[in-house]
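> Dock chain A against the given chain H, drawing on the hints supplied.
Same order as they appear, the protein sequences are chains H and A.
Heads up, the first sequence is in this note's numbering, so the first residue is 1 and it goes up one at a time.
Heads up, the second sequence is in this note's numbering, so the first residue is 1001 and it goes up one at a time.
Hints listed in this document are in silico derivations from the structure and should not be mistaken for laboratory results.
Owing to the predicted nature of the structure, the values given are computational and were not obtained by experimental measurement.
No false leads were slipped in.
Distance ranges between label pairs, derived from CB positions:
#, chain 1, residue 1, chain 2, residue 2, range
1, A, Arg1038, H, Asn125, 30 to 38 Å
2, A, Glu1101, H, Pro96, 17 to 25 Å
3, H, Lys208, A, Glu1101, 22 to 30 Å
4, A, Glu1129, H, Asp116, 35 to 43 Å
In this text, a Cβ means the ideal position worked out from N, Cα and C, and glycines have one as well.
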Amino acid sequence: MVTLTIDDKQVSVAKDATIYEAAKQVGINIPILCHDKKLKPFGACRMCLVEVEQMKGRLIPACTTPVTEGMIVRSTTPAVEKARKLVLELLLLNHPLDCPVCDKGGDCELQNLAYDHKVIVNRLNDEKFHHEIDYNNPLIERDQNRCVLCGKCVRICDEIVARGALTFMNRGIETKIGTEFDGPLNCEFCGSCISVCPVGALLARPFKFKSRFWALTKKKTVCGYCGTGCNITLGVKENKSVVTTIYDENQGFHNGQLCVRGRFGYQFISSDKRLLTPLIRKDGQLVQAAWDEALSLIASKLKEAGSAAAALATPRMTNEELSLLKLLMVKQVGTAHIDHSAGYGHAAVSEGLGKSLGVAASSATILDVQKSDLILAIKTDIYETHPVVGFEINMAVKNKGAKLQIISDKRGKLSRLPGANLLLNKPGSDVALLNAIAKVMIDENLAVAQPTPELSAALQNFTPEKAAPICGVTADAIVELARAYAAADKALILFTSGLAYPGADAQLAHAAANLAILGGKLGKEGSGILALQEKNNSQGALDVGFIPAQGGFDAQQILAGCSNGSVKALFIAGENPVVSYPGQAAVQKALDSVDFLVVADLFLTETAQLADVVLPVCSFAEKEGTFTATDRRVQKIAPAIPAVGSSRPEFQVYGELIQRLGGETPASRAEVFATIAPYSGINYNEIGEEGTFAPVCLKPVQVVPVAPVTTVENGKYMLLTGAALYHCGTLSLKGEGTMAVCGEAYVEISRPDAVKLSIADGDQVKLTSAAGTVAVKAIISPRMQEGVLFAPYHFADAPISSVWSGAAVTGVTIAK
Amino acid sequence: MPNPFTPIMQGMKITLGHVFKKPVTLMYPDERPKVAERFRGLHALKVSHNKAKCVACYLCPTVCPAKCITVEAGEDANHDKFAAKYEIDMLRCIFCGYCVEACPVDALKMTGEFELANYRREDFIFSKERLLEKK
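Chain H on its own, in the form it takes in the complex:
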C-alpha cells in the first residue's frame, strides 16, 4: 500500500494504482474522457491533468501516473483549471456543436465537462471536420466528425472484445478512428465501442432519435438471454416501452460489458407482435378470449388429464415461476411428466455433473475464469453461446497470462487468442479425447487422486496412440495437453451445453469431471469445472427440480407420449419445440396429435399456432423474481415496465390455476423461493444487486464415461448444430437488432468443400439427411474442417431441426 495526499485528503491505495484511481477512492472526481474502469490507462485526452508537489513545473496526467509514497496531489488549482479549459477549447474547436440532434446529448461527457468548466466561448477558431458518416451497418453509426480521439473504442475492441475492428488512422490533425481498409465496419456488433464512447461519435442505430437520454428511466435488471447472468440497465421511455440498454461501468462482475444480444436484442420486450390477450381455438381458429374463460378451460382439461398431463417449460422463467408450475403439475394435477430443454439440453449438468460432482451444478464460477492459470475450453462455441464469458477468457489470457487449451471440432474466435493451443478433433470425439488425457495423466503419474479400478480399466482403450486416430489429433498433442493440464496449479474446464449441443451430454461431463478429480483441480479458486448453460435460468430450472421425477417422462418421452396417446394434455410454458427441438416432423406430429395443448408465451410462436389455448405472459422486463446464472449466482429482477397488453406474469397465472384446481396459492415469491432446497441459506429479500452465490457442496465420484461412436456414412458430410453469436434460443429472433445482423438460417462450410461442390458464398444450398431436407444459405468459413458443416438451430423459416434428429453429428448431403 502507498499513502499519498490528494487535495489535502490522505489516501492509501495499492502500489499499482494511478493518481486517478486513488482520487476516485476518496471521492474526488478528476474530469476525464479517455478512461474506463475496464481498460488500461492510455492518457489520450489530457483532461485529467493535476499538479504534483514533487513534480513541479509541469502538469501531470492523473490517469497514467502511478502513485508514489508521500505524493502530494492537487486537482483543482488555477493552473490546472486553466489547462483543462484550454484542452476543452481545443476539443471543441473541431467538435461540431450539434448537440440538439446528437443522441448523446444529456449523456455526453464532453458536454458535461464544457458545462462544468464554463466553456462558453472559444478563443480559437478552426474549420470542423468533414468526414463521411458511416451508415453502412444497421446497428452502429460512426460519425467521425464528433470524435475526440480518446481511443476507448479502439481499446475495448482490442483489450476486451478481442476483435480489433477499429484503429487509429493517419497522423496529426487528420487522425481518425478507422476500420479495415477504411471500409464499412466489419465486426460482431457487440456495441462495446458505443458503450464507452464519451461523445456521439458512435451511436446505436436502433435507438437513434427514439428518445433523449434524460427522458429515460433507468431500470436495472438481469439479461434474459444466456446463462452468464449479465446485469443490464434498460432505458424505459414514458414508463411504457424499453427503447435501449444503458451502459454502466459499475454494473455486475462484467463491469457493464455486454454482447450483441444483450445490448441490441431488447426489442422483443416492447415488440408490437407481443400477444395481448389469451386465445382459444374455436372452430379451428384461434380467437381472442378472456383470461377467466381460458384459465377455467385449462384447469378443467388438466384435471381431466390428471397423470396423463405433462409440462415443458423454458428455463427463461424465474425460479419462483418454475417452482409454481412444478407445484401445479405435480401436486395439483398429479403428474410426474415435467421437463425442459428437450431433456438432453440439461443432461450434462443434471445427470453428468450430478453424478460426477454429487451436485447438479458447476464447481467453479465465472469469476474463476480470470483467476485461472490454464483454461481448458471444450468447443470454441463457448464464445458464441456465452460471449461475455468469452471476454473473460480473453482478459484472462491477455492480462493474467492464463494458458488457453482448446478441444474443438471447429476453429473460432477463442482459438485465435494469443497462445491458444487448439486440438482440432473430429466431431463427436470429445469424450474419447478427454479420456485419453485422463489416461495420460494416470500413466505418467500426474494424477493427484487415485483412479478407481473401474475407471483405469475403462481407460485401457484410450491410450493416446489409440485415441489419436479416433479424435483426428496427434498422440503427442494429447500427451502435451495432459501434461499442461496436470501441471497447472489452477486449471478450469469450460464447456457449453444446451439444446443445440446434444454432444455435451452426461458422458462429456463425466469425462471432464474425471480430469478435474484426477488432477485435484476441484474446490480451488480459479479451478474446477464450469458448465455454461444455455438459458438465463437453466441452472435455476435444475435447482428447482423441473425435471421428471421418479417414473416421469422426460421431454422426448413426453413428445412421444403425445403421439401415442399416453399424454393427453400438454402445457408448454415458453418453449418453442417446433423450431428448437430436434426432429421437427416428429415434434409437429406430436403437438398436432395431443388432445389438449396450452402454450404460454410472449409471441404467437410456431408452437403456439398449434395450441388449443394460448396465454400471453410477461417478459423478464415486466416481472419480479430470481434468475440463477450458470455458476449458481442467484440474482433478483424487478419489473422495468408494466405488463404489455393484458399479459400476466406466469407467477400469477400458475397461482390462479392452482387455486382453480383446489390448491392453495403461495402468498408471495419470497415464500416460494424459500421452498427451493439449494437456496435454503438465501433470504429472497436480501439478495442485492450483485446477487448471491448459492453454495455448491461437492462429493466427487469418478464415473466411467462411455465415449460415443460417431460414424457417418461414406460420402456424407458431418453436420454439427450449435448456436450463432447473435442469437440465443428462438427469443432473439424477435429482437430487431440481432435480426438485422443475422437474420436468416445458414450453414458454414469449409473452403475446400465449397470449391469441390462449386458452392459460392451466399448460395442457397439444400441439406438432406435421413430425416428430411432444408434449404439454407451457405457461408464459406475458414473455421470449418473439411467434411464438416455447421448450422445454428435458431431459425424458424428454415429450421435445421428438419434434418437434425438430435444426434451430436448428423450425416447429410449438401447440394446446390
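Frame of chain H, contents of chain A only:
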C-alpha cells in the same frame, strides 16, 4: 362636520373628465386590439427552406412546466433528425414562453394570436401542421 356634497362633486368631476377622453372599451370583434410585439399568444413553428426549422431536440418538452408539448423525432432520408410529431396541448399551456427561450435553433415563436376558443377538447391540441408558421 364636512360638507356631504364634496365627495359627490369630486366623483362627478372624474366622471365628467372621462366624457371628454378617448374611450377605453374596444368594440370587439368589430374592433381588433393592437397586440404588443412581445405578446405571448399561440405558438408557431418557423419555416426555413420549405420545412420546419425544428430539429426535435426535445428541449421544449423538457423545459415546459405544464408538460403540454409532445415531440417525436424521426429520421429523414438524409439521416437527419426532424420532428415527426409536434403537438401542443393549448388547454395545458400556460404561455410562459420557456419553450421559445429554450429552443437552440430558433424554431419556435409565439404569435399575437389569442383567439383560441373552441368547441371540442381535441381541437385544442395543435398538431405540427396547425402550428407551422403561415406566411
